[in-house]
Amino acid sequence: MTTTPLDPAEALDPYAPSRRALRVVAGCGFLLLAACFVATVVVVLGDAVEGDGAARGFVTAAFWSLGLGAATGVAALVEPRKGLVIAEYALALLGPVLALMD
Numbered sequence: 698m699t700t701t702p703l704d705p706a707e708a709l710d711p712y713a714p715s716r717r718a719l720r721v722v723a724g725c726g727f728l729l730l731a732a733c734f735v736a737t738v739v740v741v742l743g744d745a746v747e748g749d750g751a752a753r754g755f756v757t758a759a760f761w762s763l764g765l766g767a768a769t770g771v772a773a774l775v776e777p778r779k780g781l782v783i784a785e786y787a788l789a790l791l792g793p794v795l796a797l798m799d
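Each residue of the sequence shown is one higher than the one before, starting from 698 at the first, in my numbering.
Hints are computed from structural coordinates only; laboratory data are not their basis. Just so you know, not all the hints are guaranteed correct.
To be verified - Simulated DEER-style distance windows between Cβ atoms:
(1) Glu776 <-> Leu742: 30 to 38 Å
(2) Leu709 <-> Ala751: 50 to 58 Å
(3) Gly743 <-> Pro711: 22 to 30 Å
(4) Ser715 <-> Gly764: 22 to 30 Å
(5) Arg716 <-> Val746: 41 to 49 Å
(6) Thr757 <-> Pro711: 22 to 30 Å
(7) Ala718 <-> Gly754: 35 to 43 Å
(8) Glu747 <-> Lys779: 17 to 25 Å
(9) Arg716 <-> Leu742: 33 to 41 Å
(10) Leu709 <-> Val735: 33 to 41 Å
(11) Val794 <-> Ala772: 16 to 24 Å
(12) Asp749 <-> Val794: 13 to 21 Å
(13) Ala787 <-> Arg716: 44 to 52 Å
Ideal placement from N, C-alpha and C gives every residue a C-beta, glycine not left out.
Kindly generate the complete structure, drawing on both the sequences and the hints.
Shown next, in the form of structure tokens:
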């Protein structure tokens, strides 16, 4: 016999993605992280050859963003949460954007 919670905020959302689905999406995020890492390296090396040759703070922030995205992806695999998966994808896409800003 199941009981219903008195507080509606404690009720389970029937439309929420399952834990397995979140883990699969978080795992696919590592492919996006790898592609964004390659894109970031290409942008940074292109700037080093064609630009002034000096890396500034945005390049450092780009690589930190990719590293934090990977850490967030691991956290999303361990304890799947929708917010962690969204943060993983956002941090992955932020890496090349920050490298382009340099």
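List of violated hint numbers, smallest to largest:
3, 6, 8 and 13
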